[in-house]
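Protein chains: 6
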Amino acid sequence: DRLTHIDSTGDARMVDVTAKPVSARQARATGFVEVSPKVVELLRGEGMPKGDALSVARIAGIMGAKKTPDLVPLCHPIAISGVKVALEVEDSGVAIAATVKTADRTGVEMEALTAVAVAGLTVIDMVKAVDPAAVLTRVQVEAKSGGVSGDWSREG
Amino acid sequence: DRLTHIDSTGDARMVDVTAKPVSARQARATGFVEVSPKVVELLRGEGMPKGDALSVARIAGIMGAKKTPDLVPLCHPIAISGVKVALEVEDSGVAIAATVKTADRTGVEMEALTAVAVAGLTVIDMVKAVDPAAVLTRVQVEAKSGGVSGDWSREG
Amino acid sequence: DRLTHIDSTGDARMVDVTAKPVSARQARATGFVEVSPKVVELLRGEGMPKGDALSVARIAGIMGAKKTPDLVPLCHPIAISGVKVALEVEDSGVAIAATVKTADRTGVEMEALTAVAVAGLTVIDMVKAVDPAAVLTRVQVEAKSGGVSGDWSREG
Amino acid sequence: DRLTHIDSTGDARMVDVTAKPVSARQARATGFVEVSPKVVELLRGEGMPKGDALSVARIAGIMGAKKTPDLVPLCHPIAISGVKVALEVEDSGVAIAATVKTADRTGVEMEALTAVAVAGLTVIDMVKAVDPAAVLTRVQVEAKSGGVSGDWSREG
Amino acid sequence: DRLTHIDSTGDARMVDVTAKPVSARQARATGFVEVSPKVVELLRGEGMPKGDALSVARIAGIMGAKKTPDLVPLCHPIAISGVKVALEVEDSGVAIAATVKTADRTGVEMEALTAVAVAGLTVIDMVKAVDPAAVLTRVQVEAKSGGVSGDWSREG
Amino acid sequence: DRLTHIDSTGDARMVDVTAKPVSARQARATGFVEVSPKVVELLRGEGMPKGDALSVARIAGIMGAKKTPDLVPLCHPIAISGVKVALEVEDSGVAIAATVKTADRTGVEMEALTAVAVAGLTVIDMVKAVDPAAVLTRVQVEAKSGGVSGDWSREG
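Chains as they are written, first to last, in our numbering: chain L, 1 to 156; chain X, 1 to 156; chain A, 1 to 156; chain G, 1 to 156; chain W, 1 to 156; chain S, 1 to 156.
Just so you know, these hints were derived from the structure itself, not from any lab.
A few of these clues could be false.
As the list claims (entries may be wrong) - Only some residues are given here: those of chain G computed to face chain L with a beta carbon under 10 Å:
#, residue
1, A12
2, V15
3, A19
4, E46
5, M48
6, P49
7, D70
8, H76
9, P77
10, R105
11, T106
To be verified - One side of the interface only, derived from the structure: several residues of chain X facing chain S at Cβ under 8 Å:
#, residue
12, K50
13, I59
14, D151
Think of the CB as a built atom: it goes at the ideal place given N, C-alpha and C, for glycine as much as any other residue.
With the hints as constraints, model all of the structure from the sequences given.
Right, dumping it as structure tokens:
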């Protein structure tokens, strides 16, 4: 076991995937934004229209997936072929899930994680005037499939 | 209390800060990447050079701060005047802290949070071949100061 | 009268505004997307939820305003301090209006026009599977104010 | 008929095209910038060199095509394989036409429209000091070919 | 003397300039692209229209200046207030000079150097099918003025 | 021999490569940053930790390769499948070499050159407070292979 993104002398590099086959792959990631009860009320539209609140985060997440190679230095630019971001208001905050698909030479775990993180940051931005203590937490891959390294899921 | 980024009909907008004074502001945010003991060993350079591993995440975090208005739809473009990102390898993972400064019309909490999130995503990217279960958690503002809305810190 | 963005030898340049004072400015632009009656029905949510359809365009417009200096080669990067994008479904299509504000050294007409154009392109993207003949039309500045060159409005 | 970019609950998503075959596709779009007679004179180089005026718009259009997935939230990143942008000064303004080609899983109508819109915005930027009333109008797809959904042209 | 971008423990950071005053500053940089005699002929328009060849590089240089904080990790985002890029075809290649101005808290040497480098890369891209051996050389600051650190010029 | 990026009327365009086959390709480019003896000492870590100094440039180079189509107007967006950037401190400065790989329809010379140029600009940014006279020089392709146009190397 070693860090694949670091060569034997310790230098960072973008791993060479030229010889890997193009194949259909997908990854699913989740996260959660903890917010105050007052924010939960506002996001549920109690007392005033919630309007675009969750739409902004959903769209930010989709656009965020496309920006992954701009953000994560050693990620390959990748032909994303589908993105879905779901946000659900729960009693203690907002649950976020993102599924990203591709037909390319590497997996899309980072794209799914980035979609979740950017959607989560956007939720915090929307609510921070009301709840400056909001927290983005548990951003993690749930499952990935396709490609040569085999399928993986958090549940095992 | 209401969601400032949503107008009375529910439409998203970038809040008008034209009339707010330019003032020195700063924000500090933190987060944590939980990784396996094996990854902790690798990040500590046991058995092979850790080399650029943490440097990549630190630089990604700094560059991520600058990309905040590209990622978070309703954030203002802002004149960031200083960024510091620190990563510390602990027994259960990597602690991340970012401080962002500006002399502008709005605060830099989102920039500090984005720096932490992007650094955290980059850590996950570096280690995911060894530990696909790594988790980015507790991304949160610790303190902010400057500007008209007053200082705030998580501790109170 | 001459083209200010071209010097006396015909070379393009970004005009020097270093000596211009920072002042509050704003601009308002409008445009219209002509779509089929079927699309008007869908955008009004008849028969199925219209959901995010107009939200996506509104958010794209706001983000588009921030990208103006990346798109229009000779535009200055500018400290946008407020953006509002409104979309209205009418019988023959979608009316778009954008207002952009700044406290900077140049005006924000291009930012307002870019917000309208990007919102309009996004509407076309949303509806093109149903109406490939949709047209973005009449993208124009309605009024601008602030700055040394004086106020202007289309009405005179 | 429904809005493909919105799922059954109204949420926006990037449509899944993973299973679509890679094929050669192209799209052609046009638009027009209405300007004053004075601007037409300047763009024709009467009295002073027109120089880079139209070159700036042509290059902005080509670069704009590449930025489509950054601008239009639900567009797929796509492997553009050719772009041509033509500008023609006519008596009442500037006619713009763009042709974009790809070998990928989705069409390039949005890329062609974006090229036209960005070229048009750039023309307005060049001339706005002389003619603040310039209008970008009739941005529309003329024809597309390739892919599974069949060829389409405005003429029928 | 020390590397200002590295703190006392060796970590990179974006230097804090919050307390520095806004002031008018400018920088001038130059570079040279060595090309074959055949390319010099083509760039001079002998035998066929040179057309947009140098315009593309000039515009790329201007746009490149605006992208400096996206490219150079520790550069501050900066309010560029003017850019001029000049290209001159000489007997052994293309001489490039860029002048960048700002009214901000840091200097614009990196912006001027980036404008030159991007213009130079673009020249190489234009000519590489004819001369794959083209070289971008001597990219350097010639002079800078304004700001607290005093004026500097290569000549002394 | 002609400039392929300019059509017969002199207009710039992105060359149509739709019909070219996808194939494995790579390119190697080099460059050199001349710095003062004092900077060489600092970069070698004499007297204080050199820390991230070269890491920042290496990572900037890798990320720069991915930004090539954003910077060089007529470059195709390309599926980069591997990037390696090496920096070596020598007695008179820093030698930079970049290797870029792809499996796509065009070559990656521009990506390799851009990686070198951006790494070199970043070195200058790191050292400019100590040595404002630093020079980026000899940015050039060393070799390329793959694709239909055949292999090429500077040595012949």
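Hint-by-hint comparison with the structure:
1. Given hint, A12(G) at the interface with chain L, holds; its Cβ is 6 Å from that chain's nearest Cβ, closer than 10 Å.
2. Given hint, V15(G) at the interface with chain L, holds; its Cβ is 7 Å from that chain's nearest Cβ, closer than 10 Å.
3. Evaluation of the A19(G) hint against chain L yields a held restraint, the C-beta minimum of about 7 Å falling below 10 Å.
4. With its C-beta approaching chain L no nearer than about 44 Å, E46(G) sits outside the 10 Å limit, and its interface hint is violated.
5. Interface restraint check for M48(G): the shortest CB-CB distance to chain L comes to about 41 Å, outside 10 Å, so the restraint is violated.
6. Annotation: interface hint on P49(G) violated; nearest CB of chain L at approximately 38 Å, more than 10 Å.
7. Taken as an interface hint, D70(G) checks out: its beta carbon lies about 7 Å from the nearest beta carbon of chain L, inside 10 Å.
8. Interface restraint check: H76(G) against chain L, minimum CB-CB distance 6 Å, threshold 10 Å, status holds.
9. Given hint, P77(G) at the interface with chain L, holds; its Cβ is 6 Å from that chain's nearest Cβ, closer than 10 Å.
10. The closest approach between the C-beta of R105(G) and any C-beta of chain L is roughly 6 Å, which is under the 10 Å cut-off, so the hint is satisfied.
11. Interface hint status for T106(G): upheld, as the beta-carbon distance to the closest one in chain L is roughly 9 Å, under 10 Å.
12. Of the supplied interface hints, the one on K50(X) is violated, with its beta-carbon coming no nearer than about 11 Å to a beta-carbon of chain S, more than 8 Å.
13. For I59(X), the interface hint holds, since its Cβ comes within 8 Å of a Cβ in chain S; the closest pair sits about 5 Å apart.
14. Interface hint status for D151(X): violated, as the beta-carbon distance to the closest one in chain S is roughly 31 Å, over 8 Å.
In this structure, the hints that do not hold are numbers 4, 5, 6, 12, 14, in rising order.
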